[in-house]
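Asks: Construct the entire structure; sequences and hints are all you get.
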Amino acid sequence: MNVLTDNFSTFAEGFLGTVELTVYASVLALVLGFLMASFRVAPVASLRALGTAWVTVLRNTPLTLLFFAVLLGLPRFGLVLPFQVFAVLALGCYTSAFICEALRAGINTVPREQGEAARSLGMTFRQTLSLVVLPQAFRSVIPPIGSTLIALAKNSAIAGAFSVTELLGTYKTLSELGYNIVWTFVWIAVGYLIITLAISAVFNVLEKRWGVAR
Amino acid sequence: MTATAHRSPAHRPAAHGSTALYDVPGPRTRRRHRMYGVVSTALILALIGWILYLLFDTGQFTYTKWMPFEYKGIQELLLRGLGNTLKAFALAAVFSLALGGVLATGRLSDHRPVRWISTLVVEFFRAMPVLVMIFFIFVALKVQPLPALVAGLTLYNGSVLAEVFRSGVDSVDRGQREAAFALGMRKTQVMSHVLVPQAVRAMLPAIISQLVVALKDTSLGYLITYEEFLHAGKLIASNLDYDLPFIPVVMVISPIYIGMCMLLSWFAQRVSRWERRSPKTEAVKVAPAEPGTLLPGGGRSPTAPRP
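First to last, the sequence lines map onto chains A and B.
All residue numbers for the first sequence refer to full-length UniProt numbering, where the first residue is 1 and numbers rise by one.
All residue numbers for the second sequence refer to full-length UniProt numbering, where the first residue is 1 and numbers rise by one.
Treat the hints with care, since some could be wrong.
In silico DSS-like pairs for lysine-lysine, Cα to Cα no more than 30 Å straight-line [claimed, not checked]:
1) B:Lys-234 <-> B:Lys-142
2) A:Lys-172 <-> B:Lys-142
3) B:Lys-87 <-> B:Lys-142
4) B:Lys-72 <-> B:Lys-187
5) B:Lys-72 <-> B:Lys-87
6) B:Lys-87 <-> B:Lys-234
7) B:Lys-234 <-> A:Lys-172
8) A:Lys-172 <-> B:Lys-87
9) B:Lys-65 <-> B:Lys-187
Just so you know, the hints here were simulated from the structure itself, not pulled from any lab data.
Replies: What follows is the structure, encoded as structure tokens:
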């Protein structure tokens with residue numbers, strides 16, 4: 001029990017590290033995922049191919065391999081950045097593939113008659129997209145995006161094993177100090193539960209407000 | 001989920017008016033699209049060219065860096081690593097399926113305490129990062145790397161599979177269950193003779209795509225010094241004699257890893273397509289159990305590999 005009270009600052013640092021990593025990587029994943037999803041439904045074949053390649057490769061890449069390649073590989077490439085930035089890059093790119101697929105599935109849930117109706121009213125492409133299709137797509141993708149971001153938060157643990165400051169990594173410091181390892185892990189588990197529950201709470205609110213009644 | 005969401009991208013070309021987004025383009029629009037196509041192709045090629053230039057510029061294709069792959073010892077090291085990866089995967093797959101079966105049975109039990117305990121176990125292990133479990137077993141319980149990795153993967157994937165199994169059994173048409181009970185079958189008989197056989201067929205794609213997750217996660221073994229594929233790669237990559245061939249190692253290892261996972265994902269898609277065509281399972285549709293837990297899933301095909 002006193003593992004937590006004695007080392008509150010270590011835990012807090014790790015916890016904040018995980019939160020930071022999750023937030024930055026989520027933003028990157030959402031932006032890249034949106035970009036790739038728009039590529040995948042674009043009328044231009046080469047962009048569609050790029051989107052498909054991005055999704056297929058990243059969804060089938062083990063995240064550890066991606067971390068390995070980005071954190072240890074890119075520096076050999078002549079690109080030297082702080083580990084934290086590399087971790088955000090790896091996590092964000094990886095998750096963007098799943099976000100992209102969620103968004104694309106969301107766009108596909110909008111019946112095509114909706115678009116046809118919008119066009120027959122004389123709406124331009126931009127109006128069709130922003131006033132008719134996207135609002136409906138957005139509502140149906142809230143739950144899958146929520147669970148993808150929860151998975152991202154859980155996956156951020158891998159960054160800790162690659163010596164980025166985050167929650168799981170705190171166990172090393174504390175076991176060196178001779179604290180009870182089981183309790184250390186209990187508090188780490190509690191930390192992750194807080195983060196995943198918070199994300200799920202946010203998305204439950206979003207879903208209640210905007211979600212589709214099925 | 002509508003039928004269009006299930007169709008693969010090949011059957012759903014965006015430019016041919018089958019999404020809500022576009023009309024069939026006219027001649028002027030087609031010309032414009034062709035122009036966009038040329039410009040974006042040029043940009044993509046430029047990007048690839050730039051990456052290639054960087055690779056050459058930093059000397060990634062020098063003979064010294066590729067030399068290690070010529071040696072038999074190193075090839076054997078890589079093969080042994082790959083073998084260990086597949087071993088961990090096979091063990092994790094078998095145990096996860098078994099644990100998933102047990103937990104699903106528990107969740108479908110008529111006894112409330114059993115149901116509660118199974119639910120608690122499933123929810124807890126789905127909410128924890130797999131790596132935390134693996135580290136806990138490895139560091140705190142002082143288990144060897146392979147059993148620790150397999151145990152961690154089993155707990156996580158077993159819990160997810162339990163949800164897949166449960167939703168599969170629940171999605172079998174109610175009438176089937178009622179008819180079986182009406183014939184005087186006991187609950188065990190109803191389960192094993194009527195519900196499970198029908199559920200398994202429908203669940204198969206979801207099960208296989210969960211196995212893709214397990215296969216991807218075997219690489220976590222690298223972090224607890226299990227001598228798997230990535231570990232073998234790291235050994236070669238950090239060898240000074242070959243001028244630290246890091247990028248070449250990544251270029252050799254990644255296609256193999258990604259290829260294995262893609263093969264399994266492709267198989268899952270194949271199976272789900274067969275299932276969809278089969279009239280026997282048409283009525284049953286299994287929603288994928290979400291990895292994130294705590295949230296209802298929607299808009300995802302059961303064959304999609306999960307994060």
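Asks: When the hints from earlier in the document are held up against this structure, which numbers fail?
Replies: 4, 9
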